[in-house]
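Trainee: Full structure from sequences and hints, please.
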Amino acid sequence: MAKQYDVLFRLLLLGDSGVGKTCLLCRFTDNEFHPSHISTIGVDFKMKTLEIDGIKVRIQIWDTAGQERYQTITKQYYRRAQGIFLVYDITSERSFQHIMKWASDVDEVKLWSLNLSSRLFCF
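At position 30 of the sequence shown the residue is numbered 46 (the numbering used here), and the sequence of numbers has no breaks.
Please note that the accuracy of each hint is not assured.
Taking lysine-lysine and the DSSO-like style, the derived pairs with C-alpha atoms no more than 27 Å apart in a straight line are [as the list claims (entries may be wrong)]:
| id | residue 1 | residue 2 |
| --- | --- | --- |
| 1 | 64 | 19 |
| 2 | 72 | 117 |
| 3 | 72 | 19 |
No lab work stands behind these hints: they were computed from the structure.
Mentor: So this is what it looks like as structure tokens:
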């Protein structure tokens, strides 16, 4: 079976538990918003294919658990990602302060990252 895309990008969502990583993922891939919070266990992913200038781009976005007990599992996905989004909740100063810790983890593997404030994008 032929590939249904020309380019594949693997992206990773990182941030504390409950900041809205899964919300962002569902909004982008399925255009849905689920107000109830169910913590991700380990790692999950969704895909979306876009056409940009005639090129079919498949975006594979990995949603990671923010709890510290899963960080060993999460770090295994860093090297396979082409980019990482650092997500925090604008209503939680603590989650914003933790972005530096997440950025430090990302810096260890030298990937680019982008800070996202989740409360701005979910609603």
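Trainee: Run every hint past the structure and note whether it holds.
Mentor: Structure-based check of all given hints:
| no. | hint | result |
| --- | --- | --- |
| 1 | 64 x 19 | holds (14 Å) |
| 2 | 72 x 117 | violated (35 Å) |
| 3 | 72 x 19 | holds (10 Å) |
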